[in-house]
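Plus 38 on top of the position in the sequence shown (first one is 1) and you've got this note's numbering.
None of these hints come from the bench; they were simulated from the model.
All the given hints hold, so there is nothing to weed out.
Heads up, simulated DSBU-like pairs for lysine-lysine below, C-alpha to C-alpha not over 30 Å straight-line:
| # | residue 1 | residue 2 |
| --- | --- | --- |
| 1 | 398 | 353 |
| 2 | 409 | 353 |
| 3 | 398 | 278 |
| 4 | 223 | 248 |
| 5 | 346 | 278 |
| 6 | 199 | 450 |
| 7 | 409 | 432 |
| 8 | 240 | 450 |
| 9 | 340 | 276 |
| 10 | 450 | 197 |
Small disclaimer: the values here were computed from a predicted structure and weren't measured.
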Amino acid sequence: MKFNRKNLFIYVSDFWRVEATFLLPELEILANNFNQIKIVNTSEDSSKSLKDLNFKKENYDLPINIEFYSLPKSIKPSSLSNFYKLGNLVLIKELLRCIWFLKKVRYAALKDVISYHLKAQLFYDALRKQVSLADCDIMYTYWLDFHTLALIQNKTRLKSKIISRAHNWDVYFERSKSGYLPFRKDLLRNLDLFCPISEHAKKYLCATLKESFQNIQVSKLGIHALKQCETINFNINKLKIVSISYISLVKRVELLLDAMAHIPSTINIEWIHIGPGNDLMQLQEQSEALTKLKPNIAIEFKGFMDMKEVQAFLKNEVIDLHINVSAFEGIPVSIMEAMSCGIPCIATNVGGNAEIVNEKNGALLTANPTKEEIADAITAFYNLSQEVRINKSKQAKQTWELEYNAAINFEKFSKLLTEM
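Using the sequences and the accompanying hints, generate a full structural model.
Written out as C-alpha cells, the structure reads:
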C-alpha cells in the first residue's frame, strides 16, 4: 500500500447507518493516498438500531490505515451553562442575514441559526477533548453542516486545510422546515475547498447566495460496476421495476403506489421497493388492497437491506426499470448502482437527477409529477420495442462508465485533496 505524509480526518454523522453506502467505495481509494484516515462519527451509539436493522459491520472490510472515533454524547444545545457562548458578533450578523434573506422575521429560522451556532461550539469543545487534532493535515466534513462551521470557526487553531462535500438537504434551502440554512455564506467563503456532488448544487448555491465562490469544485460520487453485462436481457410479458429509498414524505413512495392503480390492466407489473420507514406497514396494507383489485400488479416491500444485499439484488435479478420519484435529490447512488447494471431509470427532474437521467438512458418526469404522469411513463417504457430498451440499457451503462465510475471519480477527488 502506497502512503504519503498526509493524514485525513473525515467527519460523518452516523457512518454505518447513513454514510457507509456512499463512502465505502471512496475510502478504498483515499486509503491508498493517505498515511492515516480517522473517521469521526458524531452520532450517539447506534448499535441497538443496527441490531434492529440486522446490519452486520463485519461484512465490510476496511483498509488497515482507517481508525474510527465516536463522540459518546450527542450534540444538543440544551445546557443553560452554554448560553454565554451566544454573545457573538458572528451570530448576530447571521441572524440579521437570515431576516434579510427571508424578508421577514421567522422565529423558527432564527432558532435554527442560534441552534446551529451553539451546536458548532459544543461539538468543537467535545472534539478537541476526545480526539488529538495536532497531526491532521486535512479535515473533511461529508455534509455541509454545523460540524463544518465548528472547524471553520477554529481554523487558525487547527492549522489544517478544511474541505466539505454537500449533497441534498445541506444544499437546498427548501429542504429546511424554516426555509433557511444557517451560515452558508460564511462556510463557502472560508472553506479551502468546497465539493458539491452536482453541477445543480453548485449553481443553486451561487444563485441563492448571490455570490460566486472560487473554491468550488464539483466532485461527483460513484460506485464500482456491479455487473459486467455483454448481453442485455429483459423480462418477457411483464415489467419488473425496482425503487430504492427510505420511506418518507420527501421520497414519495406512496405516490408511486398510487400510480400503480393507473397502470392498464393489460400490463403485468412486478414492483419491488427496497428501504425501511415508519410508514412501511401502512404501505404494505395499501399495496395488498390494490393488488386484490388489480391482479396484474404484484408489489413487494422488502424493507431494510444493507448495501451489499442491495447490490447483490441488482446484480442477480432481471430488472427492467429503476424508478425514483423523490421531491428532492442530490444525485442518488441507487441510480448509479442501477445504471452500472445496465438498468434504465425514470426519475423526477429535481436536484442533480437531470445530470444522470435522460431520454437516452431512461426518462425524466417533471419535478412534481401526478400519479397519472408516472403511470404513463411506466406504460410508455413497457411499450418500447426490445431494440429501444436494449439501447437505453447500453446508454445507462455508458452513463455510469463515463460519469459515475468510482475508480475514476474518487481518484480525481483524492488527487484534489493530496495536492492541497
